[in-house]
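Asks: Residue numbers (my numbering), protein chains in the order written: chain A, 517 to 777; chain B, 517 to 777; chain C, 517 to 777; chain D, 517 to 777.
Take these hints with a grain of salt, some might be off.
In this list, chains with the same sequence are indistinguishable; a pair is considered to hold if it fits within one copy or across any two.
[What the hints assert, rightly or not] Distance condition first, Cα-Cα at most 27 Å in a straight line; then the derived DSS-like pairs of lysine-lysine:
{"no.": "1", "residue 1": "Lys770", "residue 2": "Lys748"}
{"no.": "2", "residue 1": "Lys625", "residue 2": "Lys777"}
{"no.": "3", "residue 1": "Lys625", "residue 2": "Lys748"}
Worth flagging that the hints you see were computed from the coordinates, not collected in a lab.
The model shown is predicted, which means the values in this text are computed figures rather than measured ones.
Okay, here's what each chain looks like letter by letter:
Number of protein chains: 4
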Amino acid sequence: MNIRALVWGENVHEQENEIVRSLYPQGMHTTIAQAIAADGDIDVSTVVLQDPEHGLTEEVLARTDVLVWWGHKAHRAVDDAIVERIAARVFEGMGLILLHSAHFSKIFKRLMGTPCALKWREAGERERLWVVNPRHPIAAGLPEYFELENEEMYGEPFSVPEPLETVFISWFQGGEVFRSGLTYRRGAGNIFYFRPGHETYPTYHDSNVGLVLRNAVRWARPSGPALTSIHKAPNVPVDQAIEPIVERGPKLHKPGEEGYK
Amino acid sequence: MNIRALVWGENVHEQENEIVRSLYPQGMHTTIAQAIAADGDIDVSTVVLQDPEHGLTEEVLARTDVLVWWGHKAHRAVDDAIVERIAARVFEGMGLILLHSAHFSKIFKRLMGTPCALKWREAGERERLWVVNPRHPIAAGLPEYFELENEEMYGEPFSVPEPLETVFISWFQGGEVFRSGLTYRRGAGNIFYFRPGHETYPTYHDSNVGLVLRNAVRWARPSGPALTSIHKAPNVPVDQAIEPIVERGPKLHKPGEEGYK
Amino acid sequence: MNIRALVWGENVHEQENEIVRSLYPQGMHTTIAQAIAADGDIDVSTVVLQDPEHGLTEEVLARTDVLVWWGHKAHRAVDDAIVERIAARVFEGMGLILLHSAHFSKIFKRLMGTPCALKWREAGERERLWVVNPRHPIAAGLPEYFELENEEMYGEPFSVPEPLETVFISWFQGGEVFRSGLTYRRGAGNIFYFRPGHETYPTYHDSNVGLVLRNAVRWARPSGPALTSIHKAPNVPVDQAIEPIVERGPKLHKPGEEGYK
Amino acid sequence: MNIRALVWGENVHEQENEIVRSLYPQGMHTTIAQAIAADGDIDVSTVVLQDPEHGLTEEVLARTDVLVWWGHKAHRAVDDAIVERIAARVFEGMGLILLHSAHFSKIFKRLMGTPCALKWREAGERERLWVVNPRHPIAAGLPEYFELENEEMYGEPFSVPEPLETVFISWFQGGEVFRSGLTYRRGAGNIFYFRPGHETYPTYHDSNVGLVLRNAVRWARPSGPALTSIHKAPNVPVDQAIEPIVERGPKLHKPGEEGYK
């Protein structure tokens, strides 16, 4: 069965800025979705910030294997309740791919638990992404490195948790470095942060970037049904202990009582 | 210079429950603080939920090296703004030690970004903590394992991120296991989760538990001054790039403009 | 295309011990191979210690996606040169699954770089494997825990490097715990250590164990062609630097000279 | 009590090459030792390859807290038995710091279990080390980045295991990046790899490099007495099980028998 990916686009720059519109006339989300769909093994839809519930209803998320996120100017416009809804689905196993300025999205900061800050410079300089983990599935088919002739610079320190694995590290013409491809697991969900993709450059038309996007969606797909039990902290009654035990000592909770949250 | 530790106590069970009061007549926070102070190299204060601002003013946190947290019944009573204030200090380098039911505290969930759920059973059963990382500083001076004859059971899966290092794993009489000592770094701050400490048992009077608390405070202390820069995402102007570069291509931001958050 | 797995069996206990032979009349490797082949998506062969080159010629390894290893009594009989040959293939991307007493195999110690020691007791006691990482691909389809009524005990501390992820933790009847499922990447190769499988018990006839074996083979498969470049430390000539640079200062090596190894 | 550091020098280039001798007239090991001793809290000795047993007798290693290693041309001249002796001490808790070309030393490859290969270019180009983990103890007191105006380039992929934490990432003038400061724990021992230090440049006279060396020695010191138990895989007799159990089922080993290694 095909993987079901959903690309979420902020869709603001495209409406306001002529440069961005000329690069992405149908919106950045559309170009991103086309890159992901290119091999035919991934079914891709798109939704945008301006849709009801930002396009992220319970029903839509329930049938999404991997969510791909591009946002920048309107991070604060994303509803907190929907951020929690996305987080819950990640914990249950939905994959999540965060692109570029999504380092400051509510959902990424929510899942990382850290500031996710960095340095930046918008000078159209050269970025060279080195593959430091050459057979990680997300790097499949890539050369040793690939270049983006014009990109925004992001510089370290990038205040995120130590990742499971570092896949890419970027070299910038102006003298900085950046961990450009980082993997995480949160609950049952696989998370990938991928640095490139400033709105004023044609990054999502680049073939290597497209390959990374497809690889990342394949890597992030769930390995089983939704882990809905992750939201519960069940009491195990004494008489249902796997190994027979006898209750001892004082206790606070009454039988069958819920724990405190 | 002595390490400056601050023990935060929820201080509710002690007021409401005769069993807890009899075990901890001056409050659980006081017993925890006494254990931490026992070697004389750590200066310890205590504050409680009921203090103004829960005792956690900017001034108090600014002079705290390591915060130790015990909470259970009143997680929701902790003010969100103060949770953010603590998180900010952790990012700057303050150590944080979470005890037992603090797995569901707002501050732990905030920093982990995950549900932090688990199984539980209150039967006074035997817990045996195995040291799986025998020369980790937090395990210094401990035997191969130590036992708590009466404890609440916490069982896996514990929905937290993969830790930097696992220090302890618990065996429970009723058949479960639990990762009982886990280390994390978030921003510049060291974080340690330590499982034991149910309020109806004398856990914080145990000498091995006291040793772990002291070791953990020493391990978690900051290695330098507050990293206040972690809250900023500075723009690096093109003419201040370390390596000279020439601005190219279109850009979105005006010179000196702030980034979007 | 089917995954190509190769099961390596030490094949000594089966020849010497009536109990083992009665449990595994065609050899433990055969039972392991049958479990792996059960779903039809994996092509499985077997080789044994006693084969020429232990069955692990360059040709055989070159066409192996995932090698599964069971050894115990004859670790020292494995030729060092063949251990290096296997390691080289792992670095190039071949998956490797180490079973039970293979914790002391030359190849596991070679790849971990640590003693890989542990406690043990042969008492036919109950082992309960808890899934601590519920949607890790290796745990797909498993219940919360599964039991082996008679197993050898392995106890912590297990002196291996901190893993990428911990998948299983075992509870033992006699009071110990053990990290029973650990993942690593070494070079381009995925490695999984799986604890159960003492030769005097019918462990490899257990359906949950069989499911883990199949999942592990699928998880460990290479994500691309052999990374043969991993064995080289190439000199990048100054005039082929990606960014033009001018050679400066003194140097030790002559142009085109090999580095020191 | 002062930390006891031991600097091991290969001491070959200094004898053969006029450039190296002019930079390090008393040997590279002496300059490295002076940098480590500068604050007075670390007692430093030096030994060299040419000493009996390379200066690394059991007695010397037994009283060493942290061993610092610089080697390049004569990796193969280091005796395998002494490599194993060092490894054993690391497992017991001795810290180990590997400098620059020590990425290909026998002891580093032994402990990592991987090829430890990389790209290189000797062009005296600029290296800029970015601190990506700003309050890691090894980065204490450093600015955001520091530069070495003339260094050898090392480029990714660096075939080492995923580290516990990445402390530094280098930018090179010719277009490459490299993970320049990596931490590991192997057994009870802390390990730090630090990239800079090519013999034809004055790197070990640099004040930031000296600060990193001192920080690293302090970070790597053991947190307790030698963990000699790590070399054993003890049998736990059934009648000494912590929780009483009854032996069941068939068994292979006789009471008191050693396990197979």
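Asks: Each hint should be assessed against the structure and marked as holding or not.
Replies: For each hint, the structure was consulted:
1. Taking the shortest alpha-carbon separations for Lys770 and Lys748, only the intra-copy value of 18 Å comes in at or below 27 Å, while the best inter-copy value is 47 Å.
2. In this assembly of identical chains, Lys625 and Lys777 lie within 27 Å of each other by CA distance both inside one copy and across copies; the values are 22 Å within and 11 Å between.
3. Both within a single protomer and between protomers do Lys625 and Lys748 lie at most 27 Å apart by alpha-carbon distance, with minima of 23 Å and 14 Å respectively.
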